[in-house]
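Undergrad: Spelled out from the first residue to the last, the chains are:
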Amino acid sequence: MSWAQAILLARGLSWGWGGICGAALTGAPFSQAPLWAPRGLHRSAIACNSDSWLVPPSPEPPKGPPKALAPHEELFTQALGGTRDKANFVRAVQNFGQHNVYKRGHVDFIYLALRKMREYGVERDLAVYNLLLDVFPKEVFRPRSIFQTMFIHYPRQQECGIAVLEQMESHGVMPNKETEFLLLQIFGRKSYPMLKFIRMKLWFSRFKNINPFPVPRDLPQDPVDLAKLGLRHMEPNLNATVTIYQMPSSKDSTGAADPTEPHIVGIQTPDQQAALAHHNPARPIFVEGPFSLWLRDKCVYYHILRADLLPPEEREVEEIPEEWNLYYPMQLDLDYGRSGWDDYEFDIHEVEEGPVFAICMAGAHDQATLAKWIQGLQETNPALAQIPVVFRLAGSTGELLGSSSGLEDPPPPPPEGQEEEEDNQQRQQQGQS
Amino acid sequence: MGVGVLFLRRALAARPSRAPVAFATSRRLLRTSPPSRAFAKQLFLGKIEKKEVFPFPEVSQDELNEINQFVGPLEKFFTEEVDSERIDREGKIPNETLEKLKNLGLFGMQVPEEYGGLGLSNTMYARLGEIIGLDGSIAVTLAAHQAIGLKGIILAGNKEQKAKYLPRLASGEHIAAFCLTEPTSGSDAASIKTRATLSEDKKHYILNGSKIWITNGGIANVFTVFAKTQVVDSDGSVKDKITALIVERDFGGVTNGKPEDKLGIRGSNTCEVHFENTKVPIENVLGEVGGGFKVAMNILNSGRFSMGSLVAGMLKKLMTAAYACTRKQFNKNLSEFGLIQEKFALMAQKTYVMESMAYLTAGMLDQPGFPDCSIEAAMVKVFSSEGAWQCVSEALQVLGGSGYMRDYPYERLLRDSRILLIFEGTNEILRMYIALTGLQHAGRILTTRINELKRGNVTTVIETVSQRLRDSLSRTVDLGLTGKLGAVHPSVADSANKLEENVYYFGRTVETLLLRFGKTIVEEQMVLKRVANILINLYGMTAVLSRASRSIRVGLRNHDHEVLLANIFCAEAYYQNLFTLSQLDKYSPENLDEQIKKVSQQVLEKQAYICAHPLDRTS
Numbered sequence: 000m001s002w003a004q005a006i007l008l009a010r011g012l013s014w015g016w017g018g019i020c021g022a023a024l025t026g027a028p029f030s031q032a033p034l035w036a037p038r039g040l041h042r043s044a045i046a047c048n049s050d051s052w053l054v055p056p057s058p059e060p061p062k063g064p065p066k067a068l069a070p071h072e073e074l075f076t077q078a079l080g081g082t083r084d085k086a087n088f089v090r091a092v093q094n095f096g097q098h099n100v101y102k103r104g105h106v107d108f109i110y111l112a113l114r115k116m117r118e119y120g121v122e123r124d125l126a127v128y129n130l131l132l133d134v135f136p137k138e139v140f141r142p143r144s145i146f147q148t149m150f151i152h153y154p155r156q157q158e159c160g161i162a163v164l165e166q167m168e169s170h171g172v173m174p175n176k177e178t179e180f181l182l183l184q185i186f187g188r189k190s191y192p193m194l195k196f197i198r199m200k201l202w203f204s205r206f207k208n209i210n211p212f213p214v215p216r217d218l219p220q221d222p223v224d225l226a227k228l229g230l231r232h233m234e235p236n237l238n239a240t241v242t243i244y245q246m247p248s249s250k251d252s253t254g255a256a257d258p259t260e261p262h263i264v265g266i267q268t269p270d271q272q273a274a275l276a277h278h279n280p281a282r283p284i285f286v287e288g289p290f291s292l293w294l295r296d297k298c299v300y301y302h303i304l305r306a307d308l309l310p311p312e313e314r315e316v317e318e319i320p321e322e323w324n325l326y327y328p329m330q331l332d333l334d335y336g337r338s339g340w341d342d343y344e345f346d347i348h349e350v351e352e353g354p355v356f357a358i359c360m361a362g363a364h365d366q367a368t369l370a371k372w373i374q375g376l377q378e379t380n381p382a383l384a385q386i387p388v389v390f391r392l393a394g395s396t397g398e399l400l401g402s403s404s405g406l407e408d409p410p411p412p413p414p415e416g417q418e419e420e421e422d423n424q425q426r427q428q429q430g431q432s
Numbered sequence: 000m001g002v003g004v005l006f007l008r009r010a011l012a013a014r015p016s017r018a019p020v021a022f023a024t025s026r027r028l029l030r031t032s033p034p035s036r037a038f039a040k041q042l043f044l045g046k047i048e049k050k051e052v053f054p055f056p057e058v059s060q061d062e063l064n065e066i067n068q069f070v071g072p073l074e075k076f077f078t079e080e081v082d083s084e085r086i087d088r089e090g091k092i093p094n095e096t097l098e099k100l101k102n103l104g105l106f107g108m109q110v111p112e113e114y115g116g117l118g119l120s121n122t123m124y125a126r127l128g129e130i131i132g133l134d135g136s137i138a139v140t141l142a143a144h145q146a147i148g149l150k151g152i153i154l155a156g157n158k159e160q161k162a163k164y165l166p167r168l169a170s171g172e173h174i175a176a177f178c179l180t181e182p183t184s185g186s187d188a189a190s191i192k193t194r195a196t197l198s199e200d201k202k203h204y205i206l207n208g209s210k211i212w213i214t215n216g217g218i219a220n221v222f223t224v225f226a227k228t229q230v231v232d233s234d235g236s237v238k239d240k241i242t243a244l245i246v247e248r249d250f251g252g253v254t255n256g257k258p259e260d261k262l263g264i265r266g267s268n269t270c271e272v273h274f275e276n277t278k279v280p281i282e283n284v285l286g287e288v289g290g291g292f293k294v295a296m297n298i299l300n301s302g303r304f305s306m307g308s309l310v311a312g313m314l315k316k317l318m319t320a321a322y323a324c325t326r327k328q329f330n331k332n333l334s335e336f337g338l339i340q341e342k343f344a345l346m347a348q349k350t351y352v353m354e355s356m357a358y359l360t361a362g363m364l365d366q367p368g369f370p371d372c373s374i375e376a377a378m379v380k381v382f383s384s385e386g387a388w389q390c391v392s393e394a395l396q397v398l399g400g401s402g403y404m405r406d407y408p409y410e411r412l413l414r415d416s417r418i419l420l421i422f423e424g425t426n427e428i429l430r431m432y433i434a435l436t437g438l439q440h441a442g443r444i445l446t447t448r449i450n451e452l453k454r455g456n457v458t459t460v461i462e463t464v465s466q467r468l469r470d471s472l473s474r475t476v477d478l479g480l481t482g483k484l485g486a487v488h489p490s491v492a493d494s495a496n497k498l499e500e501n502v503y504y505f506g507r508t509v510e511t512l513l514l515r516f517g518k519t520i521v522e523e524q525m526v527l528k529r530v531a532n533i534l535i536n537l538y539g540m541t542a543v544l545s546r547a548s549r550s551i552r553v554g555l556r557n558h559d560h561e562v563l564l565a566n567i568f569c570a571e572a573y574y575q576n577l578f579t580l581s582q583l584d585k586y587s588p589e590n591l592d593e594q595i596k597k598v599s600q601q602v603l604e605k606q607a608y609i610c611a612h613p614l615d616r617t618s
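Residue numbers (numbering that gives the first Met the number 0), protein chains in the order written: chain S, 0 to 432; chain W, 0 to 618.
There are no misleading hints in this set.
With a Cα cut of at most 30 Å, we get these calculated BS3-like pairs of lysine-lysine:
hint: 1; chain 1: W; residue 1: Lys518; chain 2: W; residue 2: Lys293
hint: 2; chain 1: S; residue 1: Lys200; chain 2: W; residue 2: Lys605
hint: 3; chain 1: S; residue 1: Lys207; chain 2: W; residue 2: Lys605
hint: 4; chain 1: S; residue 1: Lys176; chain 2: S; residue 2: Lys189
hint: 5; chain 1: W; residue 1: Lys278; chain 2: W; residue 2: Lys240
hint: 6; chain 1: W; residue 1: Lys331; chain 2: W; residue 2: Lys342
hint: 7; chain 1: W; residue 1: Lys158; chain 2: W; residue 2: Lys201
hint: 8; chain 1: S; residue 1: Lys200; chain 2: S; residue 2: Lys85
hint: 9; chain 1: S; residue 1: Lys207; chain 2: W; residue 2: Lys596
hint: 10; chain 1: W; residue 1: Lys597; chain 2: S; residue 2: Lys207
hint: 11; chain 1: W; residue 1: Lys605; chain 2: S; residue 2: Lys227
hint: 12; chain 1: W; residue 1: Lys331; chain 2: W; residue 2: Lys315
Since the hints were derived computationally from the structure, they do not count as laboratory data.
Could you put together the complete structure from these sequences and hints?
TA: Next up, the structure:
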């Protein structure tokens, strides 16, 4: 009994260990899974380090023979006559099957196709992944005995299958029934690609909506729309109003906004308006920034209008007026409050901060632009006219700026806004010095 | 008819003796002990103040004869001459109907006789309310006129004001309106914007501002207006305080908007009223300058109890029994189906309870002294308005599709009864009032005890613990309602025991709540609502027990039916109370407050229903 349990346990471990690991390590959740069990027994033919053994080999290895065309590259170069789109990609994959009845070199071809996918813009297309899996010959790699299952059957092919799933995972493509059916046909139920598939099915559904503040997949290109999105993203209050204080004045041929009239978009909630109206004009308020906000692979900068926290002696104690509610008493004259044993809240040390009255995103971060924002704010906040406003602008937007071109995606065509931002920073620095 | 009615009015006005009043005054003189504590407040301490509610209040035979003399013609008038369907359709009470109402004296029911009113006691007023309740629009018009409109003059007016205004208001020559609500101010008195400034010669107030949803706003001549005035405080500081003013339309600058289009009570006139530089002489200040808040509170608190009888009167006429007994389905009358029978039992039970509560409260109010029955009145209002909505809906349901049609009056009654849950203080607000006023009372008395507990006084702690231990071991509670010389008849003794048990454990729970929340209980609205619900049930149980016991002992017709109704209600309320009491326990599985709060918080944060569609997929 006990040894049977032990075997079961061991088996469960070997299958489940990767899953636990994957859940624990958010960085590379799934790729490590198959590493554990097989490493001691069997190594695949591909020479690779443990980080990238699943990732298709780089087209330009750092050291190696001079660049040669990868096998089957011609299938894609043939199609190059047309545009790089899904139809041509599909045609190339189909051509492989037609040219090559015995499917010789299909693993190489699949790796190649995986690398090509982004070029053709099909990296998020589930049908294309299924088509790629379909390239594998069916039934050949299915283990037929328990021993074949134990000693990884056709490891290179299994790794290739995992690589396809891996790329799906990194692009957030959820496999479907067809994928499952193909994997069953190709590798069988007890195979690593199938395990990967099951884990993807399990965790994708849990992680898909884990972000309570989802950012749309395709960000708007227009800086004004992007700023609106960013502001809405930061402000939890749905009653806040977004105001465009200044539209980018004109667009020249390159589509860049005229740097003299950058866009200014602000957001303010009714509560913030009320708080600003009650602000003591003797105390200055500050425009601070720029602070960075990442929206997917884009970085935008914002400024806040804030005040310092009132010193405790100046804070008004909110008193309940005696004659307030016509219908029921607003307070009981008991001389004790909530009892201690009813309070199960953790003792959290909270640091109070001064109020933030408004947020804005502008195309430029210099004082002149932000002064226009304050001017615009005065229309809805007349109290602002009496309050001194101090501009406390940071010289640099931080070292994040340099890496603002995507983390995993290839750098998009150099954004014009970024250059402009750098310009502005220089101007700003000049202005401040 | 008109002549007959006039005669009646005169007959009533020229009653030879005011026996009950005389009796009352003599009793008042005799009473030397301090006025007994109000019944509802004592419930919070787990005690039943028997003297207040047992036996059920009665009126003398003379009074009864008098009022019956009056009820007959009034009922005839309402059933034969008032065309409720037309009032609802045209959105106006016809002038001739209003005239007849005036001739009947219905505009001055509670105005003292020396000012030309009928000077009815609260009980009599409730009795007439039963008939007036037959038409929602008329009932609301009359209530706005006298339950709140001119009530301020009766309660807080001085002799000159009374002499000047009450006679013409009582005769219906002038109609009154109560102007409190503003666009920014519902029950929040601090945000009233209407302002009265003293003129330079200090003889007038200049009134500016607008009020909304004023019943009778378009037809009234005399308004009780609440406005902010500057008052110099005792310490010399100038403060804005509310002042009540009597404003005549003839003062000038009073305009009103067009009548609002409403869901129900469409015949009543509701509109905005604007005051623009209206000159109000300072003699017209009601009560003290700056004392308007108290005036408003007193008016609002005093007007509520009558809703019980109003609704009961309507429900009694509503019984759709004739339909149920004639309509055949599957060769059976509807009345033979259990689900239909259930509805009639429910209607009878609710009517019985609210009638009992209303007359018990009226009787308490008619007692000498000025008993503070505002909690009781609020309970009557909450219970009867919710009962009305439920019963009218059930009556409509009996008729099925026909009930939904305009050919039958049920859809109109349903629309009319919806307002009952809203006006004179929404039921939510009144629940807060009921719970908080009672808790305040209990808190004052329990404070010393609780303080000792908090300080860890050994004797008190041991006392409390042993009491809890006793509570958990034995469940028999005897507060002296039953037994040989008990206040309650043995036929309803079981129910009385249930009431006693509920009351006792309610007192314990209140103590725990006060100990747990202290003064922060004001913020715990869900807890307060439950406290109020229990209290309403307890009051209802007391009322039916008291009434049923009297009926049996006096030998009224069909008292066995009353016993049935009382027992049904008490049992239902008992189990409801047990459930609610367990909900008030912090650790009980019935207490879902935390989850409820979380759900509402998440919904309100997104301002939307946030669940994914049931057909959505993740792949």
